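So the protein sequences, as listed, match chains A and B.
Numbering of the first sequence is given in numbering that gives the first Met the number 0, commencing with residue 0 and proceeding in unit increments.
Numbering of the second sequence is given in numbering that gives the first Met the number 0, commencing with residue 0 and proceeding in unit increments.
Misleading hints may appear alongside valid ones.
Not close to chain A: a few residues of chain B, all C-beta gaps over 10 Å, as computed [said to hold, decoys possible]:
hint	residue
1	S16
2	L19
3	M22
4	L55
5	I58
6	G62
7	A63
8	L67
9	L100
10	I134
11	A151
12	H168
13	K183
14	P189
15	E199
Which residues of chain A face chain B? A few of them, derived with a C-beta cut under 7 Å, are [claimed, not checked]:
hint	residue
16	Q75
17	E76
18	Y314
Here are some chain B residues the structure puts well away from chain A; computed CB gaps all over 12 Å [what the hints assert, rightly or not]:
hint	residue
19	L13
20	A41
21	V47
22	A53
23	V59
24	A65
25	L101
26	L108
27	R112
28	E135
29	R186
30	E191
Hints are computed from structural coordinates only; laboratory data are not their basis.
Quantities reported herein were computed from a predicted structural model and do not represent experimental measurements.
Note that CB positions come from ideal geometry on N, CA and C, so glycine has one too.
Residue-level listing of the chains:
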Amino acid sequence: MTEFFQSLGMSYEAAWFTATIAGILLIALPVMLAVAMVIYVDRKVWAAINLRRGPNVVGPFGILQSFADALKVMLQETIIPSAANKGIFILAPIVTFTVALAAWAVVPFSAEAVLADINVGLLYILAISSLSVYGVVMAGWASNSKYPFFSAMRAAAQMISYEVSIGFILVCVVLFAGTFNLNDIVRAQEGFGLGFINAYVVHPLLFPMWVVFFISSLAETQRVPFDLTEAESELVAGYQTEYSSMAFAMFWLGEYANILLMCMLNALLFWGGWLPPIDWEPLYAVPGIVWLLLKGFMFFFFFSWVMATVPRYRYDQLMRLGWKVFLPMSLIFIVVISGYLMATGHFGAAA
Amino acid sequence: MIQTFAFYLFAVLLIASAVLVIMARNPVHSVLWLILAFFNAAGLMVLVGAEFIAMLLVIVYVGAVAVLFLFVVMMLDIDYAELRAGFIKNFPLGLAIAAILLAELVLGLGAYRAGAFELGTPSGAAAPVLDRSNIESLGAVLYRDYLFLFEAAGLVLLVAMVGAIVLTHRQRPDGARGQQNITKQVRRNPDEATVMKQPEIGKGVEL
């Protein structure tokens, strides 16, 4: 895109700057739109599983429900509790929202459509997702209220615990791909399974890691069955209790943007990203972004499915699963996978 | 131009937030300023091309260490008047430490200006490796040239970790009280957990 702006007569630096801004908008705005639609899909899927109708009033099939909700929330009064720590109280939803959008910078939508094709893409995502806990913790502390505070402490412990096992699972993928660049990880999956399946997940050593990664991403985004931070039967609404109006909406947008990101990561790291599922020439005629979105939304459906069918975990069960099951398991798999790659000669940058 | 602008932005924000870490009255604000300082330091690392170090800084310090700081500091019940009272008493000590640090800084800068010091590093170790990415060159140095030292450092950390666990672990006197037995919980089924009783009218149930 830089070349295009340069052809308009800009200097290289100005063109780069404009191109980056344009790229950010090109990613952020569709993500926001996708979030609105995905909330609607989420509610429809729960409704279908619960034998209800779900939103069906606003627009055809209720498709404009999210926009109606957004409008309602925007017109509400912003209430800041008098005992709250004002600055941090306002900053918390902004942090959640910004961090959720920032991670999208390195997501490759197709071989070329990526804003920042950096060498440490996967580490960048890990770094950004470890930041998302701050929004929750700041909101919980600044609200100066009991339930949000409990929620903040739960969130901090939960996200640190599951980040550890997510980190080790990512190491397994990196061992196979030999790179931290997300685009190269996707390319490494071309024809990986039996020479014609474009996905890491078909490998018997990586399939269990994908299952662990999927469950960890549920925990990382605080979805059911791990939504202990906003367990409504225990904590009212968790860290969002004292929030209203746009601040509340920003928490929601950030949360769903994070969920979508985790779905995309599942697709990119284990299911071939923007590659078609099977290494067959005519399938490459379909643009990569279509494949990525199809895969991503399949995982979003899984997320909703889990939400509608599984009861909430107890907090000690959550911690046990993270530290005593997933962490040892992913550690063992790192050793086994390294050994396997050494034995089959797939190590090094060429793998 | 953008690089210069970004450098001054990161540098100024880094120094400003570092100052605010010690100036902030509320310890939670201090930790948040510290996080901003870490973040700007990571930005500076990216500017000099050390993107791997920058990401590690964010993951390790911002993502884990600072969260634990915040976790602990949030739960402190602080009396500000009491904090203020200790200030005068500890002021001379603080001043002395500050003077020592300043002297060391000046000395260090002077020594740096005086010329390189022979540390006995193998030749070629300092040569920049430009054709490889950060991660590859770091890996080559850590796992090939300094493998033994690297593993020794890992061992020291392991011992420290085991030590911390041993120090804080306490055996409960009456066996495993207060611990969850997950297998037992999972294997519980409705047949043994619930009883159907049909008490006669006017009589209670004996369990």
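Now the hints, each set against the structure:
Look at B:S16: its CB is around 14 Å from the nearest CB on chain A, clear of 10 Å, so calling it non-interface holds up. Every CB of chain A lies more than 10 Å from the CB of B:L19, the least distance being 12 Å, so the non-interface label holds. Distance check on B:M22: its Cβ is at least 15 Å (rounded) from any Cβ of chain A, clearing the 10 Å threshold; non-interface status holds. With 10 Å as the threshold on Cβ separation, the claim that B:L55 sits away from chain A is violated: the shortest Cβ distance comes to roughly 8 Å.
Listed as outside the interface, B:I58 is inconsistent with that label: its C-beta sits roughly 5 Å from the nearest C-beta of chain A, within the 10 Å cut-off. A cut-off of 10 Å between C-beta atoms contradicts the statement that B:G62 is not in contact with chain A; the least separation is 3 Å. At roughly 6 Å from the closest C-beta of chain A, the C-beta of B:A63 falls inside 10 Å, breaking its exclusion from the interface. For B:L67, the requirement that its beta carbon stay farther than 10 Å from each beta carbon of chain A is not met, with the minimum near 8 Å.
At roughly 30 Å from the closest C-beta of chain A, the C-beta of B:L100 stays outside 10 Å, upholding its exclusion from the interface. Not every CB of chain A lies more than 10 Å from the CB of B:I134, the least distance being 6 Å, so the non-interface label is violated. At roughly 20 Å from the closest C-beta of chain A, the C-beta of B:A151 stays outside 10 Å, upholding its exclusion from the interface. Its beta-carbon lying about 15 Å from the closest one in chain A, B:H168 satisfies the requirement of being farther than 10 Å from that chain.
Interface exclusion of B:K183 from chain A stands, the closest Cβ pair being 13 Å apart, more than 10 Å. Taking the minimum C-beta to C-beta distance to chain A, about 15 Å, the non-interface status of B:P189 holds against the 10 Å cut. With a minimum CB-CB distance of about 36 Å to chain A, B:E199 clears the 10 Å threshold, and the non-interface call stands. Of the supplied interface hints, the one on A:Q75 is violated, with its beta-carbon coming no nearer than about 27 Å to a beta-carbon of chain B, more than 7 Å.
For the restraint placing A:E76 at the interface with chain B, the shortest Cβ-Cβ distance is roughly 27 Å, beyond the 7 Å limit, so the hint is violated. For the restraint placing A:Y314 at the interface with chain B, the shortest Cβ-Cβ distance is roughly 11 Å, beyond the 7 Å limit, so the hint is violated. Separation of B:L13 from chain A is adequate, the least Cβ-Cβ distance of about 17 Å exceeding the 12 Å criterion. In this structure B:A41 is not separated from chain A by more than 12 Å, as the shortest Cβ-Cβ distance comes to only about 8 Å.
The non-interface label for B:V47 is consistent with chain A: the shortest C-beta to C-beta separation is roughly 14 Å, beyond 12 Å. Consistency note on B:A53: stated as away from chain A, yet its beta-carbon is not over 12 Å from all of that chain's, at 8 Å minimum. For B:V59, the requirement that its beta carbon stay farther than 12 Å from each beta carbon of chain A is not met, with the minimum near 9 Å. Under the 12 Å C-beta cut-off, the non-interface status given to B:A65 relative to chain A is violated; the minimum distance is some 9 Å.
Every C-beta of chain A lies more than 12 Å from that of B:L101, the closest at about 33 Å, which supports listing it as non-interface. Every C-beta of chain A lies more than 12 Å from that of B:L108, the closest at about 32 Å, which supports listing it as non-interface. No beta-carbon of chain A is positioned within 12 Å of the beta-carbon of B:R112; the least distance is around 35 Å. Listed as a non-interface residue, B:E135 fails to keep its Cβ farther than 12 Å from every Cβ of chain A; the least gap is roughly 7 Å.
No beta-carbon of chain A comes within 12 Å of the beta-carbon of B:R186; the shortest separation is about 15 Å. No beta-carbon of chain A comes within 12 Å of the beta-carbon of B:E191; the shortest separation is about 20 Å.
When each numbered hint is compared with the structure, violations occur for hints 4, 5, 6, 7, 8, 10, 16, 17, 18, 20, 22, 23, 24, 28.
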